[in-house]
Amino acid sequence: MAWKYQEDNLDEMRNLRYFDIEDEPRKMLLPIEGYELVPLMSLEMAVKPLEQLIPDIQRKVYVAKENSQEPQDSLSKDESGSIHLYTMEWEPHSQCLYFVLNTALRAENRQELKPFFPYLKLFLIALLKLPSEKRTVWRGVKLNLSEQYVKGNTVTWWGLSSCTESISVLESPQFLGKSGTRTLFNIECENGRIIRRHSYYPKENEILLLPATQFQIIDKIDIGSDTHIIHLREVETPFPFLQSPFDTTSTSATNSADITHKFNEIVINKASFISTNTNRSTMEKVLVAITKYPKEKWLKHEIEQHRADKDMILGGQNITDQDVEIIAEELMASNTCWYRLWLGNNKVTFTGVRNLSIALKINSTLVKLYLDWNELGDEGAILIAESLKTNKMLKVINLHWNKIGDHGCLELAEMLKVNQTLEELRLGHNLITDSGTNFISTALIKNNSLVVLDLHENQITDNCVKTFYEAMKTNRTLKQLDLTHQTCKRVDANATMNVAVRGKIQEMTSL
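In the numbering used here, the protein residues as written are 82 to 592.
If you are wondering where the hints come from, they were derived from the structure by calculation, not from laboratory data.
One or more hints might be untrue.
[What the hints assert, rightly or not] Now the in silico label distances, taken between C-beta atoms and shown as ranges:
1. S157 x M474: 40 to 50 Å
2. P120 x E385: 15 to 25 Å
3. L110 x T401: 32 to 42 Å
[To be verified] Taking lysine to aspartate or glutamate pairs in the EDC-like style, the calculated list, with each CA pair at most 16 Å apart, reads:
4. K146 x E125
5. K223 x D307
6. K223 x E103
7. K442 x E467
8. K223 x D104
9. K381 x E410
10. K442 x E411
11. K470 x E504
12. K428 x D402
13. K301 x E269
14. K476 x D392
15. K476 x E505
Glycine is no exception: its CB is placed at the ideal position from the N, C-alpha and C atoms.
Construct the entire structure; sequences and hints are all you get.
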């Protein structure tokens, strides 16, 4: 009986994405746009900006890609995998991809959607490659929402909507059941996508409705037993509120005047380029072909637009060392408000970090810095370490994928001996051996702030475990240590677990 209860619980958890209608905002929001301008990436790269929002997302991506080795519907492995990943559900529910993505899609502040841009582009391209289905579908919720849906009005669902074609499925025990307060939505959809062949749960025959889909409320019926049925019909919006992922032109250039204004700002060989005799279509093509803004102007515009924000997201934007100089100047300004700065997946080297390290010695607002997937090397790590010896604000730094070796680790270890602010240090996918690892573990004897240390996918063997064991005799702050997927001899699981138990580490991961 206990097993039956557990199974039912898991089924209910698995199907929660069908029942999140109550989370839809009751107002019109700004369009979903901007994501279409980012480069198309692999699934692994597309979720990089989400690693801080969804712990262990890369492991989930691995599962999704492994299950998408023979994709159907002419989708690529990455495209099929993006759909597969969306349908996966795990605990805690609030860290499932579909949950955090739909939360961002429904948020009034469109800035919350920016970390999802690379994934959203890949995912929507995949969905739009599937055949568009015109049929009647169902979804529901264990609440009475009838008062919120007035006959004759229109309503927009901003999140992705998971539906089923069969009301009997919706009324099964694993979904809504046949008793209790319920609202069932009978939906005439025009553009549904059947994702069964790409889903983690293919037996569900899920039909997905795109974000920003608008419906007319045709009718609503109270059928008794506190059950309400609301009839919706998909309608075309007067303006596109979901920008096409295939549209790489700026959505702000919606008329000839806008495009001409853009051309006025483009400078080629120090001469303004403008054509008053070229038709709009040609001008749009030229805009895309050369650029919308010179890079420096674009970056300064972004900084101006987001100077008062807590988050500054510049990941995957081909940021160079020259660009970092501009960013560093902003970090040193007295009016900067940035709390989190994303610079991952760019082209930053130790030259750019030199300016950034100077800024970190002065800045008094930045708490989280993401520099993963750059080209810092040992020289860049040394500069970062030097700045963090005096910085009293930064709590999180991500240096994954930066070709950092033992020499860089030596300086980072020296930093850890004096820095009592940093709580999270991520050094995965680098060139660190036992020597560099021992530098860091020895530094933990004196460190009283670090909570998370990530060293996955380096060149570490179980010879480093002893120094961690010694460090844990005195260190009482480290709670998470990741030593997974080493390229050399595997780290012995029993030895590392011994360190975890003796050192009271809450999460020790190794192979």
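Here's how the hints hold up against the structure:
no. : hint                    : result
1   : S157 x M474: 40 to 50 Å : holds (42 Å)
2   : P120 x E385: 15 to 25 Å : holds (24 Å)
3   : L110 x T401: 32 to 42 Å : holds (34 Å)
4   : K146 x E125             : holds (9 Å)
5   : K223 x D307             : holds (10 Å)
6   : K223 x E103             : holds (10 Å)
7   : K442 x E467             : holds (9 Å)
8   : K223 x D104             : holds (13 Å)
9   : K381 x E410             : holds (11 Å)
10  : K442 x E411             : holds (13 Å)
11  : K470 x E504             : holds (14 Å)
12  : K428 x D402             : holds (7 Å)
13  : K301 x E269             : holds (14 Å)
14  : K476 x D392             : holds (15 Å)
15  : K476 x E505             : holds (6 Å)
Hint compliance for this structure: every hint is met.
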